[in-house]
Amino acid sequence: MKPDRWPAFARGMLAYGSAEAVTRIVRLGSILIVARQISPELLGTAALALSLFELTRVLTNIGIGQRIITASESELEPICNRASQLFWFVCVGVTIAQLLVATSAWLLFKLTDVAAMLAVLSAVYLFMPAGLVQIFRAMRAQRMAATARVAATQNVADCILTVVLVVVWPSAWAIILPKLLTAPIWLVMARATHRWSPNGVAGLAPISDFATFGPAILGSELLTAARLHADKLLVGALLGTEALGLYYFAFNAGLGITQALVTACSLVLLPILAKADGERLEREFKHAFVMGLSVVVPLVGMQALLAPYYVPVIFGENWVPAVPHLALLACAAVPLFMAAVIGARYRAIGKPLSETLVMSCATIAALSGLVVGAQFNLEAACIGFGLGLSMILIPVAARQLFSSYRSTSVPLKGDL
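The sequence shown stops at residue 415 when you use numbering that gives the first Met the number 0, and every number in between is there.
Calculated directly from the structure, the hints in this document are not laboratory data. Note that the coordinates shown come from a computational prediction; the quantities given were computed from them, not determined experimentally.
Mimicking BS3-like on lysine-lysine, the simulated pairs with C-alpha atoms at most 27 Å apart in a straight line are:
1. 350 x 274
2. 285 x 350
3. 109 x 178
4. 274 x 285
Pair ranges (Cβ atoms, derived):
5. 360 x 102: 32 to 40 Å
6. 87 x 236: 29 to 37 Å
7. 378 x 73: 54 to 62 Å
8. 106 x 75: 42 to 50 Å
Backbone N, C-alpha and C fix where the C-beta goes; we use that ideal spot for every residue, glycine too.
Please build the complete structure, drawing on both the sequences and the hints.
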């Protein structure tokens, strides 16, 4: 069967998967060079700054884009006009918030390098508002190949710049600066992906259209960010910078590819489910769940089982101590995939508060497991993290997968 005859979910995943394959080939080379040029201590410093950056950046995910995706044709232009204004307001606010975090890191914790990195990274937010409406309109039109191309180009440019900088200047800054230097590339490509400018004739949608479900969406995104990044802060605080460097390497090498697939699944699935309803929505959800799981599980198995062989060959003997951590963290991709799929379903049926509740429990369980495990060693911390995710997300996902359809959804009017 030709790709253009495939189901929408498969086409979207193919687009993101192809883009991700190119990105990962390039990133593999960059990680190889970085791992041989930078010590775990320096990598730990960069990991701390990037974790704080990612935790702050989630404040931009208040569901404005999701409102564009779920808007009807008649309300699309007013929604986009208002969304453009809100994106600027939010991104400037997050820039200020990150500068405050940087100041706190400098004054309260004496983390001078981390504070400087956060201050530099805060400029990234100023490139975002001018391209976000275009990106979400492209996603709404299910032009996944175009949006995947934007992400892949930025990621490849990031990797190439990282390699150049780490060779010329082996430091934590070599990992940080490309995040800012590639932001203009993203902006230019985002604006070219979908031509749009504010339509004054259409007017502005009321802010209430964005506020109804906003707190729930933001809460869920904050919890997802905490689950993906707060673990590194806890490892650094409980086990030290060197252990954080090993954990950061293991997390990225073990969850890098699969986490990208998880993110792609969430992005691809929401527009599909938003255009369906009733039994068709349930069919699309279950089809995506099974199809995605059939890819993620074998990939996780290969990563975990082959880690003792490819890590020393590709990354060097210095990273052999990270092999068990890499294998354990790779397994966490399975419950994380389930979280992405059930999260997309909750948003599509207008129940973001249910998503927030599930993600709250999963985040608390995962981080609690990590803290308990860290009292013994880093390997136990990785086990605790994965078990915490699994004990919450697997039962919830199984219940949704095997339950029969019940018409309990509400319209997405106002869902962010």
